[in-house]
Structures are given as structure tokens and as C-alpha cells.
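> Sequence:
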Amino acid sequence: MADITGKWAIDVATLAGSRRYDLTLTAAGTTLTGTAVGATGPVPIRDGTVAGDAVQFRLDFVAPVAMSVVFDLRVIGNRMSGTAQSGPFPASTVLGTRAA
1 MADITGKWAI DVATLAGSRR YDLTLTAAGT TLTGTAVGAT GPVPIRDGTV AGDAVQFRLD
61 FVAPVAMSVV FDLRVIGNRM SGTAQSGPFP ASTVLGTRAA
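Just so you know, we're using the working numbering here: the sequence shown kicks off at 1 and counts up by one.
It is worth saying that the hints were derived from the structure and are not from the lab. Some clues are possibly wrong.
With a cut-off of at most 25 Å between alpha-carbon atoms, the simulated SDA-like pairs for lysine to any residue come out as follows [what the hints assert, rightly or not]:
1) K7 to T26
2) K7 to D22
3) K7 to R46
4) K7 to G48
Generate coordinates for the entire structure from the input sequences, incorporating the hints supplied.
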């Protein structure tokens, strides 16, 4: 199982430009909890799961517009990568590293 617990910095490449989030994650078995902090403040992680090197979770944003974004990531060592998907929009590329 991926060692996901800790602090991470991720960049999400959206159609509107790159968005950075600082994640604080805690894995307990296959359950993932934590918080993402971006330009609009903290957002709790919802429906988080860990299975092997696969990590999935949802962020429910209320500003600047209400939307849910589902993250589907793979963790290898101190790096993570994958996609973020929100409704009808194209999937965004996600790249991240473990924070020091």
C-alpha cells in the first residue's frame, strides 16, 4: 500500500491555468482523510480511498463556483500523478510531490 500519510503539494493543470493545493493526508487502512488548501481556503477530503498505489478522493468546492472534483492518482515514492475530473469538463493533469 502506498505511504500517503503526510503533507503533499499538488499542481492541477486546468483549462483556466495551473492551480496549486497543499494537502494534508492521513491513511488508516484503505480510508483516506485530510484537507486540501488552495487559493479559496481549506476544503475537506471526501470519499478518500487507498488501494495499493492508487489514491482516490473528492473535493467539494463552494467558491468561486460550486463544483465537485474527483481525483484519481497513483503514488510512487515521494511523487503522485493522475487526473482530476469535474462534471463535463475535460480531465486535468495532476502532479505532486511530498512536502519536506
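> Does each hint hold? Answer for all of them.
Status of each hint after checking the structure:
no., hint, in the structure
1, K7 to T26, "holds (9 Å)"
2, K7 to D22, "holds (7 Å)"
3, K7 to R46, "holds (17 Å)"
4, K7 to G48, "holds (15 Å)"
Checked against the numbered hints above, the structure violates none of them.
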